[in-house]
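Trainee: As a plain string of letters, each chain reads:
Number of protein chains: 2
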Amino acid sequence: MRGQRRERATLVDVAKASRVSRQTVSNAMNNPDRVAPETLERVRAEIARLGFRPNRAARSLRRQRANAIGFQVEQAAGRPVGNILDPFLSALTASAQADDAHLITFVADDERVLRTYDRLLATQVVDGFVLTHTRHADPRAAWLREREVPFVSFGRIWDDPTVTSWVDVDGRAGTVAGVEHLRDRGYRRIAWLGWPGGSPVGDERRKGWADATADLDQDAGLLSGTTPQDALQASAATDRLLDALEPGDAIGCVSDIVALGVTLAMSRRGLRPGADIGVMGFDDGGIAEVFDISTVRQPLEDIADALVRMLEQPTEPSEGLIIVPAVVPRASTSR
Amino acid sequence: MRGQRRERATLVDVAKASRVSRQTVSNAMNNPDRVAPETLERVRAEIARLGFRPNRAARSLRRQRANAIGFQVEQAAGRPVGNILDPFLSALTASAQADDAHLITFVADDERVLRTYDRLLATQVVDGFVLTHTRHADPRAAWLREREVPFVSFGRIWDDPTVTSWVDVDGRAGTVAGVEHLRDRGYRRIAWLGWPGGSPVGDERRKGWADATADLDQDAGLLSGTTPQDALQASAATDRLLDALEPGDAIGCVSDIVALGVTLAMSRRGLRPGADIGVMGFDDGGIAEVFDISTVRQPLEDIADALVRMLEQPTEPSEGLIIVPAVVPRASTSR
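Here the protein sequences line up with chains A and B, keeping their order. Going by the numbering used here, the first residue of the first sequence is number 1, and it counts up by one from there. Going by the numbering used here, the first residue of the second sequence is number 1, and it counts up by one from there.
Simulated from the structure, these hints should not be mistaken for lab results. Be aware that one or more of the hints could be misleading.
Put simply, identical chains are the same to the list, so a pair is met inside one copy or across any two.
To be verified - Within a straight-line C-alpha distance of at most 25 Å, the following computed SDA-like cross-link-like pairs (lysine to any residue) qualify:
#	residue 1	residue 2
1	Lys207	Leu114
2	Lys16	Arg188
3	Lys16	Pro37
4	Lys207	Ala98
5	Lys207	Arg145
6	Lys207	Pro161
7	Lys207	Ala244
8	Lys207	Leu241
9	Lys16	Asp33
10	Lys207	Ala36
11	Lys16	Ala45
12	Lys16	Glu41
Model the full structure from these sequences, guided by the hints.
Mentor: Next up, the structure:
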């Protein structure tokens, strides 16, 4: 991998090979009239020999940042409907474009993602990456950092607090706000439908629910369940919770996709979200609005803008950017 | 615009300036040992002077196709949930990648799309485009063709039958198949909820409904309505149809997003999709599966593969590729 990356000629390589300063190489590309003809010819020959791309590299040099950003999209088959990463891709495209950068999409399964990074870098297709779906034992950040590849992340780099080039939403605070909204609306017991343990995002949101319901007289074990991030499976997982709940209780959900599954299960029993059982989602990526589900909003445009700004910085920030999200009240918490 | 494009040096430009054949330029880049040293130096100097990018251009030359493909995504705000273009973007990314090409996303409103094309081409960010959302009075295909920019389209180029580099689904045949499925299942009257007239895709699907119900004893005017491509607005538009329908009737929909709106309106009245009123969607981009809605499936992976293959061809095909889609039966047409 190292060998492949070394093939990518830099301005420094051209300067060394031509026995001139980097400024002279830059002038040869951008202000050739400032360079003596003989020197100019030598630099240009080295540029051609090394396959150094003048236009693009000069732009990166001037702007001190990557110009093409790699972004992994999920495979078409089996991707969840209402995925927050769909509007996030749009927001990130717009933020990058406003800054004269471009997003390049790619697909890769977990086993191949590092090989795909390597190929995209070796072929000079991208200069850096925006990561999403960060998790424990995630090899991506360490791999990129080791190779000094610029990257930022929507989501914390959970296993390495020294990596700070990320933007994330405070899942605990968001869920606490969601539960407090349910309690303010007068719902009595507050159940939780989350993802299976081990997902740092899911665990953090679940902690918010546990903390915000600790003083309630309720059986936390009976009132919590897990489901994958899929509306149909969430719907099936809701049944056990509904058996334990009564009208006037509520269900906090780890995501809008899960909340959608909850409302599907409720409608099968003739229960109305809000009037009978309160339902609170998390994300607000579009699906919550369609189904009139109250939720905790991730501000995707702000996150995308912050990530692109961060990618522009020549150095990493001293700490990541945590956004405390706000509740968007809708019919599913209206009694 | 012409001026800007002319700045992009081609292999032919290098050959002319170096007073050698194109093959010699190609050899200078890929097999330099086959070229006399003096000639090699002259060609390399011209490559550098003209800013010709050897790696990429050589690959395009060898492969006879564009290497980076522009793809317009919708803005984050107001984009419909369940948009078929979300899974299509994934499928297209995978198809392009399998072929060593890359997708570059961009956003643009209708007024700016040609300027955005121009900028992406002038800055050599993309070599061609995949169009979607084609419609009447759509200026994009003519603009691209005039400039000899490679492009293909998911959707016919409605106003210019001489442009044949597209793949599309036969909307009329698909809707006919959907209505026949409803009739086979024993639904009596078949209503239609479509988009407002003037959309070629919507008009074609509506024609399928009109043709396949022409022999039915039903009031077509009473049993058809229109809605924008939005589940909530579709839900509102469904009410008038439901007033006119009886249990045992059905509603054919121009899209799954519209069908979702229909099922939302039905559940408000306590009507069950399938058992009470049949519902048929169109697209199968994910949302129909979640809501167990029978639909007409657009095979996105096949379409993406065909488009990438088409973009590889040095010449346009003699005619566009029309795919006749199949019905996917689910609960919403089960009595």
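Trainee: Now, for every hint given, state plainly whether the structure supports it.
Mentor: So, going through the hints one by one against the coordinates:
Neither within a single protomer nor between protomers do Lys207 and Leu114 lie at most 25 Å apart by alpha-carbon distance, with minima of 32 Å and 49 Å respectively. In this assembly of identical chains, Lys16 and Arg188 lie within 25 Å of each other by CA distance neither inside one copy nor across copies; the values are 72 Å within and 81 Å between. Taking the closest pair of Cα atoms, Lys16 and Pro37 come within 25 Å of each other both inside a single copy (18 Å) and across two copies (22 Å). For the identical chains of this complex, Lys207 and Ala98 are neighbours neither inside a copy (37 Å) nor across copies (42 Å), given an alpha-carbon limit of 25 Å.
For the homomeric pair Lys207 and Arg145, neither the shortest alpha-carbon distance inside one copy (30 Å) nor that between copies (57 Å) is at most 25 Å. Taking the closest pair of Cα atoms, Lys207 and Pro161 come within 25 Å of each other only inside a single copy of the chain (20 Å); across copies the shortest separation is 60 Å, beyond that limit. In the homo-oligomer, the alpha carbons of Lys207 and Ala244 lie at most 25 Å apart inside one protomer (21 Å), although the nearest pairing across protomers, at 50 Å, exceeds that limit. Taking the closest pair of Cα atoms, Lys207 and Leu241 come within 25 Å of each other only inside a single copy of the chain (18 Å); across copies the shortest separation is 47 Å, beyond that limit.
In this assembly of identical chains, Lys16 and Asp33 lie within 25 Å of each other by CA distance both inside one copy and across copies; the values are 21 Å within and 24 Å between. With identical chains, the CA atoms of Lys207 and Ala36 are never at most 25 Å apart, being 66 Å at best within one copy and 71 Å at best between copies. Both within a single protomer and between protomers do Lys16 and Ala45 lie at most 25 Å apart by alpha-carbon distance, with minima of 13 Å and 18 Å respectively. Taking the shortest alpha-carbon separations for Lys16 and Glu41, both the intra-copy value of 15 Å and the inter-copy value of 19 Å come in at or below 25 Å.
When held up to the earlier numbered hints, the structure conflicts with 1, 2, 4, 5 and 10 and fits the remainder.
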